[in-house]
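J.: Under our numbering, the first residue of the sequence shown carries the number 258, and numbering increases by one thereafter.
Derived from the structure by calculation, the hints contain no laboratory data.
Positions of the beta carbon are idealized from the N, C-alpha and C atoms, including for glycine.
Please note that a few of the clues may not be correct.
[What the hints assert, rightly or not] Each computed SDA-like pair below joins lysine to any residue, with the alpha-carbon atoms no more than 20 Å apart:
1. 454 / 303
2. 336 / 361
3. 454 / 464
4. 326 / 316
5. 454 / 497
6. 505 / 493
[To be verified] Using C-beta positions, here's what the derived DEER-type ranges look like:
7. 472 / 517: 29 to 39 Å
8. 298 / 554: 30 to 40 Å
9. 474 / 298: 36 to 46 Å
10. 473 / 494: 14 to 24 Å
11. 513 / 460: 28 to 38 Å
12. 267 / 359: 21 to 31 Å
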Amino acid sequence: PDDSFVARMGGDEIAIIATQLGDAATALADSIVVRLSAPVIIDERRLLPGCSIGIAGFANDLTPDELMKRADMALYEAKRRGRRRAQPYVAGLAERLVERQHITDDLYEAVQNGGFALAFQPVVALSSGITTGYEALIRWNHPTRGWISPDTFIPIAEDCGLIEEIGRWVIMEACRQLAGWSSHLHVAINVSAGQLKSNALLHHLTQAILVHGIAAERVEVEITETALIDDAARTAAMLARIRRTGIKVALDDFGTGQSSLAHLRDFQFDRIKIDRSFVIDAGSDPRCMAVLRATVAIGQELGVLTHAEGVETREQLELLRSIGCDAVQGYLVGRPVVPFTDAVDTLASLSAAMVSSPIGGDPAPDARIAA
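The task is simple: from the sequences and hints, build the whole structure.
T.: In structure tokens, the structure reads:
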């Protein structure tokens with residue numbers, strides 16, 4: 258608007274003061290996000306800029322400082338929800354941010370005092386019914402809040418600069434446990450967008466492999482499609498360096514978020530993990546089944562393993578087997594476990610029995626194993 262006032266607050270933060278907008282403020286902010294998120298070509302490199310916007314409306318009982326504070330809280334919420342979006346201030350946001358700060362403080366303490374543990378969920382080959390590996394899943398058992406989901410604390414760890422230290426611990430601990438497993442098993446380790454941007458990631462991986470004396474081919478890192486968006490050229494180079502060491506790379510949650518077939522063209526993967534949302538409705542939604550068939554066919558053409566997440570019923574498993582999917586993961590074949598050496602072998606046999614037995618047979622016993 259013509260009567261708007263724009264000021265740089267410092268760093269990469271800009272404030273816009275506009276009058277007579279009312280409900281149109283969100284539409285204006287959305288249009289700014291779209292304009293500033295358009296790809297830019299610099300020196301033949303395609304860059305994807307972006308912005309997040311916090312919106313606060315003026316009320317008669319607000320001071321200018323309080324208005325700016327509300328806008329800042331809304332901006333923080335926009336970033337927390339995935340960036341590249343506009344977020345209005347809503348009632349209760351301040352309380353949520355205070356809660357978030359408490360979790361942040363406790364997260365620092367957990368890092369210092371070893372407050373994390375790893376659970377492992379089996380990956381089963383459909384052709385043989387053999388457990389071929391496990392996905393390492395970080396767990397935080399908070400002393401008063403109980404188990405806190407990684408979906409809650411990993412974004413906080415990225416924001417407060419703890420993700421590299423937490424990620425290093427996960428890599429080292431996963432490889433330590435892998436060293437005690439049967440040699441045919443691999444471990445899959447989730448890598449966040451923040452870790453992927455760090456030059457230390459490759460060092461952490463190779464260091465853990467050397468310290469624990471395991472083959473690089475037994476380690477797999479999982480990358481979500483969202484993590485591939487920023488600085489695609491640099492990310493592709495990082496993944497190529499990781500693969501040159503022998504470490505495998507998997508594309509996680511394929512088909513959700515910022516999904517694009519271009520990712521399969523521009524990046525090299527050893528495995529495609531199909532998101533559970535397509536598996537859940539495969540038996541009732543022909544479109545989900547079509548996506549599954551197409552993804553498996555693409556994987557076969559590219560020479561990449563296809564792996565379905567969230568398999569919970571025998572019918573889903575048989576549908577995936579019928580279209581040539583390579584591997585499955587989900588509660589049907591095994592819940593996340595804290596394995597001892599014998600627990601790995603026990604769960605492997607349970608998974609094999611479940612996958613190889615015919616539909617209608619007795620279900621496998623509950624495979625949860627706790628330390």
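J.: It remains to establish, for every hint, whether it holds in the given structure.
T.: Going down the list of hints, with the structure as the test:
no. : hint                  : in the structure
1   : 454 / 303             : holds (17 Å)
2   : 336 / 361             : holds (16 Å)
3   : 454 / 464             : holds (18 Å)
4   : 326 / 316             : holds (13 Å)
5   : 454 / 497             : holds (14 Å)
6   : 505 / 493             : holds (14 Å)
7   : 472 / 517: 29 to 39 Å : holds (32 Å)
8   : 298 / 554: 30 to 40 Å : holds (33 Å)
9   : 474 / 298: 36 to 46 Å : holds (37 Å)
10  : 473 / 494: 14 to 24 Å : holds (18 Å)
11  : 513 / 460: 28 to 38 Å : holds (30 Å)
12  : 267 / 359: 21 to 31 Å : holds (27 Å)
Going through the hint list in order, the structure satisfies each hint without exception.
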